Amino acid sequence: MLKKLIVILGPTAVGKSELAIKLAKKFNGEIVSADSRQIYKGMDIGTGKIAPDTPNSLTHAFTHQEVPHYCIDVVSPVKIFTVIQYTKLALAAIRKIFKKRKIPILCGGTGFYIKAIIDGLTIPKVEPDWKLRAKLEPKPAEELFNKLKKLDPNRAKTIENQNKRRLVRALEIIIKTKKPIPLVSKKPFPYPFLILGIKLSEQETEKRIEKRVKKMVNLGLEKEVANLVATHGWVPAFQTIGYQEWKEYFTPLNSKHLTGFSGKIDKDKVKDLIALHTRQLVKRQMAWFKHDKRIKWIKKQPEAAKLVRNFLKPC
RNA sequence: GCCGCGGUAGCUCAGAAGUAGAGCACUUCUCUGAAAAAGAAGGGGUGGCCGGAGCGUUACCGGCCCGCGGCA
Numbered sequence: 003m004l005k006k007l008i009v010i011l012g013p014t015a016v017g018k019s020e021l022a023i024k025l026a027k028k029f030n031g032e033i034v035s036a037d038s039r040q041i042y043k044g045m046d047i048g049t050g051k052i053a054p055d056t057p058n059s060l061t062h063a064f065t066h067q068e069v070p071h072y073c074i075d076v077v078s079p080v081k082i083f084t085v086i087q088y089t090k091l092a093l094a095a096i097r098k099i100f101k102k103r104k105i106p107i108l109c110g111g112t113g114f115y116i117k118a119i120i121d122g123l124t125i126p127k128v129e130p131d132w133k134l135r136a137k138l139e140p141k142p143a144e145e146l147f148n149k150l151k152k153l154d155p156n157r158a159k160t161i162e163n164q165n166k167r168r169l170v171r172a173l174e175i176i177i178k179t180k181k182p183i184p185l186v187s188k189k190p191f192p193y194p195f196l197i198l199g200i201k202l203s204e205q206e207t208e209k210r211i212e213k214r215v216k217k218m219v220n221l222g223l224e225k226e227v228a229n230l231v232a233t234h235g236w237v238p239a240f241q242t243i244g245y246q247e248w249k250e251y252f253t254p255l256n257s258k259h260l261t262g263f264s265g266k267i268d269k270d271k272v273k274d275l276i277a278l279h280t281r282q283l284v285k286r287q288m289a290w291f292k293h294d295k296r297i298k299w300i301k302k303q304p305e306a307a308k309l310v311r312n313f314l315k316p317c
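Residues are numbered in my numbering as their position in the first sequence, beginning at 1, plus a constant of 2.
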């Protein structure tokens, strides 16, 4: 039995999911999502999530158009989800699909997650220590940077001295292990994989973004956000495009919850912001993918099918 | 028509008599337990137009044009 992995990546709003489903049906595959936002339960409209035929929280999988999907709807938005957790879930799903003698299709736009799977990043096993982070966070970046320079000079060289998020993580590792961060090492995915990237022209992307935003709002994004924030408050997971933009729109009841409309910005402004941020995201995603020479860029689905057929051919 | 306020970067606006800044946008880049996150670097302005005073002005004075508010 041949074990091969198909990867479909590309920026937001280019139609990755559709392609993945088509290929899954055609080549007997199952889909593993690689999307850092669709991980969260309840964040449906704003993340462009597909609708499940039948949810199944036990296996962390659901089916859509009868194709099983994994790594969607796995945690509550109050939780912070990390690459490591993702890697565990995704690899488990891939193993399971192999066992069923099917083809796993890794599909999403989160480059970091995809990289973690196919290049097998070996990330230092130091769990986030939120207490420690809360202690370090308020300090000025200079102080954190100088501290890191003393404790782990090599790591300090690789982090921009204003990037507190990374400085804090680096400090967390050195403080808890007392050892410098090991050099970058990888354990690549052990079976052959084909990476397909979907890329559209700028105008095409622009059109799709506008359509996407309009559709989301029509589907009731405002209500989704209002409900989520009413039950969870403005948790970090809502620092997501499609969600964060509503913060100004609503009047906060207290620091966490909202009650009504602020009148500061209107719905059109919110839509504009979502579209703008989506455009920026697309650029960032493309910047991430750009340098990976293994990606086979395609525009139309037939091209993909052809490439996949070739790839799956036993040699 | 009169009175007032304003016209400075793509947008919103600071500022000072000695040839200009900020935020956002834009371009490029980084990425090893928050990644739709968190950061870095960079480009860009005949300062509404015309004239005058002044060593010199986008900044002062006058006229004109345009926008906003008020009064008739």
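Please keep in mind that the hints were generated in silico from the structure rather than gathered at the bench.
Keep in mind that a hint or two might mislead.
When the alpha-carbon atoms are kept at most 30 Å apart in a straight line, the in silico DSS-like pairs for lysine-lysine are as follows [said to hold, decoys possible]:
{"id": "1", "residue 1": "K295", "residue 2": "K117"}
{"id": "2", "residue 1": "K27", "residue 2": "K159"}
{"id": "3", "residue 1": "K28", "residue 2": "K298"}
{"id": "4", "residue 1": "K292", "residue 2": "K159"}
{"id": "5", "residue 1": "K295", "residue 2": "K217"}
{"id": "6", "residue 1": "K269", "residue 2": "K43"}
{"id": "7", "residue 1": "K178", "residue 2": "K90"}
{"id": "8", "residue 1": "K90", "residue 2": "K28"}
{"id": "9", "residue 1": "K159", "residue 2": "K189"}
{"id": "10", "residue 1": "K189", "residue 2": "K166"}
{"id": "11", "residue 1": "K249", "residue 2": "K213"}
{"id": "12", "residue 1": "K151", "residue 2": "K104"}
{"id": "13", "residue 1": "K104", "residue 2": "K5"}
{"id": "14", "residue 1": "K151", "residue 2": "K166"}
{"id": "15", "residue 1": "K213", "residue 2": "K43"}
{"id": "16", "residue 1": "K5", "residue 2": "K117"}
{"id": "17", "residue 1": "K269", "residue 2": "K6"}
{"id": "18", "residue 1": "K269", "residue 2": "K24"}
{"id": "19", "residue 1": "K178", "residue 2": "K81"}
{"id": "20", "residue 1": "K6", "residue 2": "K302"}
{"id": "21", "residue 1": "K292", "residue 2": "K213"}
{"id": "22", "residue 1": "K298", "residue 2": "K271"}
All figures in this text were calculated on a predicted structure; none of them were measured in a lab.
Results of checking the hints against the structure:
A C-alpha spacing of about 13 Å is found between K295 and K117, which places the hinted pair at or below 30 Å, so the restraint holds. In summary, the hint linking K27 to K159 is not supported, as the alpha carbons are separated by about 48 Å, beyond the 30 Å threshold. Proposed proximity of K28 and K298 is supported: the alpha carbons are some 19 Å apart, at most 30 Å. The suggested pairing of K292 with K159 holds, with an alpha-carbon distance near 25 Å, which does not exceed 30 Å.
As the CA atoms of K295 and K217 are separated by approximately 34 Å, the hinted pair breaks the 30 Å bound. Taking the CA atoms of K269 and K43, the gap is near 25 Å; set against the 30 Å cutoff, the hint holds. With a C-alpha separation of about 23 Å, the suggested pairing of K178 with K90 holds against the 30 Å cut-off. For the given pair, K90 sits about 27 Å from K28 by alpha-carbon distance, which is consistent with the 30 Å threshold.
Between the alpha carbons of K159 and K189 the distance comes to roughly 24 Å, so the proposed pair stays at or under 30 Å and holds. The straight-line distance between the Cα atoms of K189 and K166 is roughly 28 Å, inside the 30 Å bound, and the hint therefore holds. Our distance criterion of 30 Å between C-alpha atoms is met by K249 and K213, whose separation comes to about 22 Å. Of the supplied pair hints, the one linking K151 and K104 is violated, its CA atoms being roughly 49 Å apart against a limit of 30 Å.
Annotation: proposed proximity of K104 to K5 holds, straight-line Cα distance about 8 Å (limit 30 Å). Among the hinted pairs, K151 with K166 is consistent with the structure: their alpha-carbon atoms are about 14 Å apart, no more than 30 Å. Taken as a hint, the K213 and K43 pair is honoured in the structure, with Cα atoms around 24 Å apart against an allowance of 30 Å. Annotation: proposed proximity of K5 to K117 holds, straight-line Cα distance about 19 Å (limit 30 Å).
Distance restraint check for K269 and K6: the Cα-Cα separation of roughly 46 Å exceeds the 30 Å cut-off, and the hinted pair is therefore not satisfied. Under the criterion of a C-alpha separation no larger than 30 Å, the hint pairing K269 with K24 is inconsistent with the structure, at around 35 Å. A C-alpha spacing of about 23 Å is found between K178 and K81, which places the hinted pair at or below 30 Å, so the restraint holds. As the CA atoms of K6 and K302 are separated by approximately 22 Å, the hinted pair is consistent with the 30 Å bound.
With a C-alpha separation of about 25 Å, the suggested pairing of K292 with K213 holds against the 30 Å cut-off. For the hint linking K298 to K271, the alpha-carbon distance of about 37 Å lies beyond 30 Å, and the restraint is violated.
In summary, the structure is inconsistent with hints 2, 5, 12, 17, 18, 22 from the numbered list given earlier, while agreeing with the others.
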